[in-house]
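A.B. asks: Listed here are the chains, written in short residue letters.
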Amino acid sequence: MNTGAIKAWVPQVAGIAVLGLLVALVISSGLDPRVLPGLKGLGAVLLWAWAATGLGGALLAKARVGQAMALGVGVLGLLLLLLGALGMLSSWMLGGVALAASCGWILRPELEIDLDPAVLWVLVPVAALGLGVALAPPIDTDEIYQHLALPKLMLNTGGLVGGMLTPDGSRPMPLQMSYTALLAFGGSAGPKLFHLGAALLLLAEVHRLGERLASKAGWAALGLLVGSYTVLRELGLADNNLPAALMCLYALRAQLDNAPWRMALFSGLALSIKYTAAPVVFGLYFCDLVQRRDLKRSALATALALGMVSPWWLRNLVDGLHPLFPYAGWPAGERFVFAYIERYGMGRDALSMLMLPWNATLHGDPTQYQGFLGRMSPLGLAALPGVALAAWKARERPAFSVVLGTAACAWLGWTLGAHWLRYLLPAAPLLALAVGLGVSQLPKWGQALALGVWIMGLPSNLRPVLEQAQPLAQVSFGSRTVQDLLADEVPGYSAIQWVNQEAPADARIALTFAWAGYYLDKPYLLGSVEDHVPMRHLLYLHGPETIEVLRALGVTHVVSGRVRFIHKTYPFLNDAVFREQFTDPEALWESLLIENATLVYRDGRYGVWHL
Amino acid sequence: MDTLSQAHAERLDPALGQTIQIDLAYAGPWPAALSWEGVDQADGTRAWVTPTLLGEAVIRVDGAQVVLDVQPARNRPDLLPLPIGKRQVPAADHACFDPRFPKLSGPWILACEGGKVAVALPIQGGEERTLEPPVESPGASAEGVYALSRGGWKSQDWTWHPGKAAPLDAIAPVGVGSEEVAVLTRDAVILMPWDAGHRRELPAAPASWYAPALSESAVLWVDRRDSAWTGLDVLRLSQDGRSAQVLVRAPGDQVHVAASENWVAWVESHFVVVQDLRTGERRRYPSDTHAATGLSLWGPVACWEHWNGQDVDAVCSDGLIADGPGHQRAPSRYQGWMLYRDGERTMVATATELVWDDDDPRAQRTGPRVSASSAYQGAYVPGGVRYTLPDLEGGWTLEQWKDGAWVQSGPYVHDFMAQDAVRAVRIP
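As given, the protein sequences belong to chains A and B, one line each in that order. Residue numbering for the first sequence is 1 to 611, as defined by the working numbering. Residue numbering for the second sequence is 1001 to 1428, as defined by the working numbering.
It is worth saying that the hints were derived from the structure and are not from the lab. Think of the CB as a built atom: it goes at the ideal place given N, C-alpha and C, for glycine as much as any other residue. Don't take each hint at face value.
One side of the interface only, derived from the structure: several residues of chain A facing chain B at Cβ under 7 Å [to be verified]:
id, residue
1, W498
2, T598
3, L599
4, Y601
5, G604
Negatives, chain A to chain B, calculated, CB over 10 Å [as the list claims (entries may be wrong)]:
id, residue
6, G96
7, L300
8, V318
9, S479
10, R480
From just these sequences and the hints, can you work out the full model?
C.D. replies: This is how it looks when you write it as structure tokens:
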């Protein structure tokens, strides 16, 4: 279905009119309350996607619709960074930004939609799975502490958040800035549906590019992605891994199209959405340099890519932080580890590294750190002989060498970092295309065998996805109440609700060893990230004075969780270090609360303390 | 609701010169403009009185009054710590999601497995009872264990009583009585029979987290209706069961209610207060209660968590104390046993002696207190004291205080006359 370029004014005006009508309908209608959030979210997605595509299209002049939208989202992220710095993040201002961005359509960009109708047979069931998750309230840890919590906090405060006491907010957040607008317009369903749309776009684009590279490569690449738990679990969540993957894919496509500036733009956006895209970007630039042998071109593209990320680094510098905070620059950094990468996977010795493809595929377990906290389709292993054949042919097919070379760099980069399969997601399209090329090079019987292996891997990859989606789908489709779901699935939800309902309107909250900031309706400090880093670091710095530090910051109530760190999940630490890093800070905090605060609410592991 | 009800004295038999607190449970506009009679007014509806004449003293506040019986002497205020033995209960060591557990339900220890309350262990040993299916945060009292919408087990025989389907949005653990359970929602107190029957609903504004308390003579809960003025208050169900009455409404929060027999208790910021529902007397036990996460009541004996300046101790109003390094938390009391958590261990403190003197809420003086250096707490009663002593399981003997020493009196009985204090001694 190639609709070609969209040039006419009429569809643009009609699109805006339809969107306006939809928004008016949603706002004014007395629809079933279970339907309304979904419609609001959909309205917000259409509005924001329209605006981003208009802006991106105006910048690119001629592009695929997805590329225009992706670039638009990235640029809007930078614009909203500026607005946030000025303390002007309100629903009205965000609406104004959307309207201004929509003006990009006036420049009449030539946007192309290019979709194989057959791929809908895959995308529709995948979309249905993601829809059940997207329409349910957020319960995923990353959503409720970061991807949705930060946008909500920014909407509550009207400006940017960040620094030592809200370190998550100091990460580059181009995507979360868009989530802020989507949350303001459409509630939590807005960002979640937007992310689902981005994920479906990624799948469609992987298929399209794969088929362009070699027959059946697109289908095999698509199969690898939709047959992997680690990919499927992201559908319907408001997250950033798959959008980063989409940016990586567009960067690759730009390289293959010999469009260095676009490659740079999308590389920079991929990096700023998720630093774990770095190995992909490095690999792509390396392959580009080897292929084109144009150092000046590489240097300029690198500068442009880093220029896309640098506003976020600059912002940290202005805040007096290390540019790469919170990944670096903690005051107690010499004795304080932000994240222990040894915690993930089955070892880091030479043999373990060599066995990594095998182990990560065969021993992947979504519930175990040792099991890479994820699972992927065995199709990748089955395609390895074909990948070797594709590599052999790469001498004659430059595109093969770029895809395979970048995928190899991405894999190598992942092996050097934390062996958490989720961190591999930005590289997922590259790896999927490499596998696709591998399958395309196999003889027919080999392809049949690969298909069999893929089918064999489906039950173990789909089962945990369906198990996780089930309670959410129950809420989405009305057979379970939202309150029941949140009480069961969100750690500390009842304590958070206590604060929302009972704490004074001017109460200032600190979240200590607790994640669920998204559900807090009042401004708050701290919150958890990685191994509850912010609070551990604060205790590390201030020791017994920590409670006075919080009082001086105006904190009146503390929502505190009890983690009970387990040594066996950090087997690489000796007793003394484990105690110093984990159990001692938590015990100290518990003692300080008992000594200096009054417990006013408790539910299970979570309590609310009045300072 | 908005009527003056009852005046409460901290002590109905104060000694000459002993300053005691008088409270008035008042539910009208705050602050109240009252004309006090016979006392020094301070703090609105809370005042202090220092008797200067022996005998009857009547304190009147508009329609409410309290009658004091002023004594020539007073007991020394501090109780002597009771001698105890401590033992760990490894079977109850598993941590519970709900930090109120493990706790005692009568002579049974409610313990957890997998974080949920799953088993009842007899405190003196014997066959344990499995609670199937385990429940995470049930209501529990000496009467049994109850989980909303699922039902519960009566501790008498641990029989299962299926609950009625009650789609209630409860905001606190269930209160468990012998015949009924109480459920708190945002805007009501709901009383439901254990098995079947009519459900009663009373409009109220309960505070979340704090479980309601039920005894044969009272249903009470912590209420937030006037929290903007007086903090959290304690309300009770009226005698006819149709309306809410103020039990205590005073500046600051009154929280963690408990009820047992004819006594009710709650926690204030610097006191634990035990009220005798028959006489209205309110005994106040000074304590730094900021670390308290609950309150246990066995008759008039309250147990709570006391911050000693360095850590938390589990203390009881009759002198049974579990202290030592670290925190001793979540005490629950039944007879001579106190269950508590010491770090990650569950412990039982067993009193080898229990002591009552004429100052005990269960003692009836037949004459005035007279100061005497040989008396147990500095005062004795010439006409004698009639003690109505509680049930005690196991073997106990009784002794009485005479001429500065404990003298054997024979086997333990519930009714006993003595000149001064008595004590029960556990037979090894």
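A.B. asks: Indicate, hint by hint, whether the structure satisfies it.
C.D. replies: Verification of the supplied hints:
{"no.": "1", "hint": "W498", "verdict": "holds, 6 Å"}
{"no.": "2", "hint": "T598", "verdict": "holds, 5 Å"}
{"no.": "3", "hint": "L599", "verdict": "holds, 6 Å"}
{"no.": "4", "hint": "Y601", "verdict": "holds, 5 Å"}
{"no.": "5", "hint": "G604", "verdict": "holds, 4 Å"}
{"no.": "6", "hint": "G96", "verdict": "holds, 39 Å"}
{"no.": "7", "hint": "L300", "verdict": "holds, 58 Å"}
{"no.": "8", "hint": "V318", "verdict": "holds, 41 Å"}
{"no.": "9", "hint": "S479", "verdict": "holds, 14 Å"}
{"no.": "10", "hint": "R480", "verdict": "holds, 13 Å"}
Checked against the numbered hints listed earlier, the structure breaks none of them; every hint is satisfied.
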